[in-house]
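**Q** Quick mapping for you: the protein sequence lines, in order, are chains A and B.
When we follow this note's numbering, the leftmost residue of the first sequence carries the number 1, and every step to the right adds one.
When we follow this note's numbering, the leftmost residue of the second sequence carries the number 1001, and every step to the right adds one.
Hints were generated in silico from the structure; no laboratory data involved.
Here a beta-carbon is modelled for each residue, glycine too, at the ideal position from N, C-alpha and C.
Among the hints, erroneous ones may be present.
What the hints assert, rightly or not - Just so you have them, the derived chain A footprint on chain B, three or more residues with Cβ under 8 angstroms:
| # | region |
| --- | --- |
| 1 | 1137 to 1147 |
| 2 | 1153 to 1162 |
| 3 | 1166 to 1173 |
| 4 | 1185 to 1191 |
Claimed, not checked - Far from chain B, some chain A residues (derived; all Cβ distances over 10 angstroms):
| # | residue |
| --- | --- |
| 5 | MET1 |
| 6 | LEU5 |
| 7 | ARG20 |
| 8 | ILE49 |
| 9 | ALA53 |
| 10 | PRO54 |
| 11 | PRO58 |
| 12 | THR60 |
| 13 | PRO68 |
| 14 | HIS71 |
To be verified - So, partial list: chain A residues that the calculated Cβ filter (under 8 angstroms) puts toward chain B:
| # | residue |
| --- | --- |
| 15 | LEU24 |
| 16 | ARG94 |
| 17 | LEU110 |
This is what each chain is made of:
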Amino acid sequence: MIPYLLCLILFCEGLYCVLRKKNLIKIIVGIMIMDYAVNLFFILIAYKINGRAPILSPDTDIMNMVDPLPHALVLTSIVIGLATTALLIAIAIRIYQKYGTFDITKIKELKG
Amino acid sequence: MIETSQIIPLFVAIPLGGAFLTSLISKKADWLADLLGIITTLAMFILSLVAVRLVYIYDILMYEMGSWKLPIGIVMVMDGLTSFMLVTVNLVALLVACYSISYMKKFTAKWSFYTLFLLMVAGMNGVIVTGDLFNLFVFLEIAAVASYALVAFGTEKHELEAAFKYAVMGSVGSLFILLGIAILYAHTSTLNMADMGNILREKGASNITILVSVLFLMGFGFKSALVPFHAWLPDAHPSAPAPISAMLSGVLIKSLGIYALCRVVFNIMGVTPAISNILMFLGALSMVIGVFLAIGQWDFKRLLAYHSISQIGYVILGIGIGTPLGILGGLFHLFNHSIFKSLLFLNSGAVEYSTGTRDLKEMGGLSSKMPVTGSTSFIASMSIAGIPPFNGFWSKLIIIIAAVEAGHYWYAFWAVLASILTLASFTKVMKYAFLGKLGEKWNQIREVPGFMQVSMLLLALICLVGGLLVLPTISNIFLQKASDSLLQGLDYATTILNGM
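Here chain B stands alone, though its shape is the one from the complex (with noise of 0.2 angstroms):
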C-alpha cells in the first residue's frame, strides 16, 4: 500500500514540471510547447485510469505529506469520487491539448498557453487530491488564478473586460472561502479534513457551523456559477479561446465548485435538511433561469455558456437530492456535462477557425463544407437536450427519476421544462448554423486541421458510448464509488483516521 499510494502527489507534480520545463525552454519552439503539452496530458490521463483501478482494489489510498503523521501534515486521499473527478478531468485536459495544437496557432506565445493551461491542471487536481482545508484553498487559488489570465490571453477590449469582472468576482468568492477556513478552524483548531469532521461531529451544530456553511456556500457559489453568483460566466467563458471555453465550462467549475461544495457540505460539515433544501432549490433556479437567458441569444458561445449554468443547475439538483439514485444521477450528469459541453465549445472554436464569426445569423449551411463539425455538434447538441441514445439523456432521466421518488414533484417538473427549453435552443443553433443554405460568403471555408477534427470525434465517441457508464457492472467500477465516497458522509473522517 505503501508503494501504491506514492502515485498520488504525481497528479499535482506532473503538470507543475510540465508547466515549468514548457516556460522554460519552449519560448523558441512551438513544436516543444505542443509535445510538452500532449506528453503531459497524456500522462495524467492514462495516471488517472491507473487510479480508478487502484481505487477498485484498496477503496482508499492515502499520501502523508513529508511523512508528518495524520492529523498534524498535510494529506492526499484518493476514495471513488477522488479517481472520478481525476478522470473526468484529464480526459477533458488530453482532448483539449490536442485540440490546441492546430488552434492556438492564431495566437502568438504559444509556450505561455501551455504553460498557463497547465498550470490549471495542476490546479484543479490539486484541489481535487488534497485532504486537507487550507491546502484545497491554495490549489484552488493556483487555478483561479491561471485561469483569470487564460480569459484575457487574447487581449483585446472584450477579453480584458471579462477578465477583469471574472477575477474580481473570483477573488471575492475566494475570500468567503478564507473567511470560513479561517472561522472553521478557530472552532476545531484543526485544518485536515477528516480530523475536522469528527470534531465538529462531537461539538455538534451550532450557529458557528451555519454561518460556515452560508459563507462556503457563497464562496463555492461564485466559483461554480450557481444563479445568485452567476453574473461571471457569460462574459468569461465565451471571451477566453476556445480551448480554454472548454476547459473552464468542462471542468474548472465543476472542480473548484461542485467538488469542493460536495466535499465540504457532506464529508466535513455533514448535509442536514436546511443545507440540502438550500441545494435543490438553487439548482432548479439556475437550471431555469440558465436555460430562458440561453433562448434569446445568438452569440454561439456566449449562448453555449448559459447552458453551462443550466446543466450545473441539474448535477446541483441532482446531489441536493440526496438520495444516493439523485448523487449517482447528479454526478454523472457531472461526467457527461463535462463531455459534451467541451464538444460544443470545441465546435463553435472550429466554426470560428474557419468562418471567423460567433453570430449565429451570419452562418448558415456550415454542415455541407464542414462535416466533421457539423456531425460532431450534431451528436453534442442532442446529447444536451437529452434525446435517447445519447449520454444525457440517461443523466437527466435518473435525477429526474430520483426527484419522483423523493416526492420532489415540482423539481422533476422543472427539471423536464428546462430540458424541453434546452432541446429548443439547440435546434435553433443547428438550424442557423449548420443545415438550411450555404451562405455565399463561405464557398471558399475548408474543414478545420486533423488534430481538431480527432478530439472532436473523440469526443462525439464518448458522447454515444457514454450511456453504458450505467450499466451496473460498468458502473460498480466507477460511477457508484463516486457516489458512495459522497454518501458515506461523516463516516469519511472515520475511513481515513482508521485508514492509517
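Chain A extracted, bound-state conformation (with noise of 0.2 angstroms):
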C-alpha cells in the first residue's frame, strides 16, 4: 500500500509544482514530475511480489510473472511526455527571448 501512496504523493507534488511555482522552468518540471508519477503508476499495477520477468521459453514453467502490457504502455507514455516536455521547453526559450524573464508574473499581456 505505501508504494502507492508515495506514488499518489508524487503526482500531487507535480500538481502543486504546476499551479504555485512562478517560473516557467519549475512549471515544466512540475509537469514532468506528474508524467514520472502516472508512469510509475503503471509498473506498480503491473507489480506482482515475488513476480519474474515475462520471458516464455519452452522449458520453465511461468507461475508467476509481472503483467507485461503496462511496462509496453509506459515506453509509449515516456515517448510522448518527452515530445511534450521539448516543446514546452522549446516555448519557453522562445518566451525568454521576447520577454527576457522566465517569470510568469511578468509575462500577462493576454487578458480580458
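With the hints as a guide, bring the two chains together.
**A** Have a look at this one:
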C-alpha cells in the first residue's frame, strides 16, 4: 500500500508545482514529475510479489510473472512525455528571447 | 465485409503519409505543400462520405490491427457516431486547407504549417476511429502536441504566451486521462473499450468507477474547455493563425473533448443519473458564463472564442439530458457549431488579412468593400444566434424541446437566455465591423483572394441548408445513426464482441 501512497504524493507534488510556481522552467519540471508519477503507477499495477520477468521459454514454467502490457504502455507514454517536454522547453526559450524573463507574473499581456 | 473494413485505417494512414511527404519534399516549393494539403484533405473527405454509406449498409465495421484477435489486439471501429464525426472533421479540414492556400502566404515556412496541420487531422481521425483506450490517448496526444505547436506558429509575444498556457493546461489534462486509464486497466485488466465495458458491467458500480469518472471528466473537460477548465481557450484560440483557430474551435475541442467523453461515459462506464446531472449542470454553466464573458469583448477573435465555450455548453447540455431527442439535438448542434464557428473564424481571418486589425472599434462599414466576407459573416452570425431559416436555430430548438420534455425547465430557460445574449453580442459584431459608415483609412482595402472566398461561401451554403439534416429521410442516414450509437449504451460491447 505504501508505494501507491508515495506515488500519489509524487503526483500531487507535481500538481502543486504546476499550480504554485512562478518560474516557467519550474512549471515544466512540475509537469515532468506528474508524468513520472503516472508512469510509476503503471509499473506498480503491473508488479506482483516475487514476480519474474515475462519471458516465455519452452523448458520453464511461467507461474508468477509480472504483467508485461503496462511496461509497453509506459514506453509509449515516456516518448509522448518527451515530445511534450521538448515542445514546452522550446516555447519557454522563445518566451525568454521575447520577454527577457522566466517569471510568469511579468508575462501577462493576454487578459480580458 | 473484410474488404470494406480496410477503409478504416486509411483515415489515420493518409494524413500521416501526407504530413510525412509534405515535410520531405515541399520545403522549397510552397505550391507543392498547398497541393499535398488539398489532395490529402479532399481524399479524407470523400472517404468519410464513403464511410457514411458503409455504415448505412453494415451498421458497424471493424478492423483488427495486425490481425490480432479482438480482446487482445487493437481494433478500429466504425459505427454511426464515428462516421458522423469523421464527416464533420474532414469537411472542416478540407475547407480550412483551401482557405490556407492564400491566408498562410504571410507566414514563412508554409510546409511546416501543412505538416503540423495534417498531423493534427491524423490525430483527430485516430481518436475517432480507435476502439482501444490507450490508443485513444496516443492519438489524442498527437493531435494535442500538433495543436500546441500551431498556436505558437506566429512566434510573437502573444502567441508564445498563449501556447505555453495551453500546453501546460493541456498536458495536465492529458495526465489526468492517463491516470484514469491506468486505474481502469488495473480494475478490468483489458484496454479494449468493448471488453472493458463488458467487464465493468459484470463487476457493477464501485468506488473505482466513480474515481475514474471524475478523472475522465476533468481530463476531457480540459480538452473540451467546459467552464471550470476553460481558462486556456480564450487565449489559445485567438492567438493561432485564423485557419487553425477555425480548426481548434470547430473540431479539435469536439473530437478530443466531447467525442471521447461521450464514448467513455456512454459506451464504457455506462451513464448514471449522477453523471447525467453533472454533464447538464456543467453544460448550462458553460453556456451562460461563456456568453456573459463574450458580450464585453472588443477583440473579434476573442469574442468568438468565448462563444465557443458557450456553444460547447449547448452540446454538453443536449447530450447530458440523455433522452433520444436530447442526444440527437446535442450531436446536431455539434455539427452545426463546427460549421458556423469555423466560418466566423475564417471571416475574422479575412478581416485581419485585409485590414490588419482584430479590434472591433477600429472597423466599420467593411461590408461595402468586402461583400463576400460581410454577407457570409452575416449568415454565420444569424446561425449562431439561432434565427429561423439557418441551421443553428433547429439544433437549439431541439435541445430546448428535449429539456422541456424531460422536465428540466430551468435548463431550458438558461438555454433560451444564452441564445438571446448570443444574438445581442453578434448584433454588436455586425454593427461595429460590417455595417455603418466606412472608416477613412479603409478606403484602399480589397476583398480577400479567391480561395478564401470559396471556402467561406461553401461554409455559408452549408449553414443555409444545414437545417435540412433534421428531415427524417436524411437524418435516418446521418444523425439518427450517430445518436443510436450513443443510446445503445453498454450494448456497444455486446455488438462489437459478437460482431466478429
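**Q** Going back to the hint list, which numbers does this structure go against?
**A** Violated: none.
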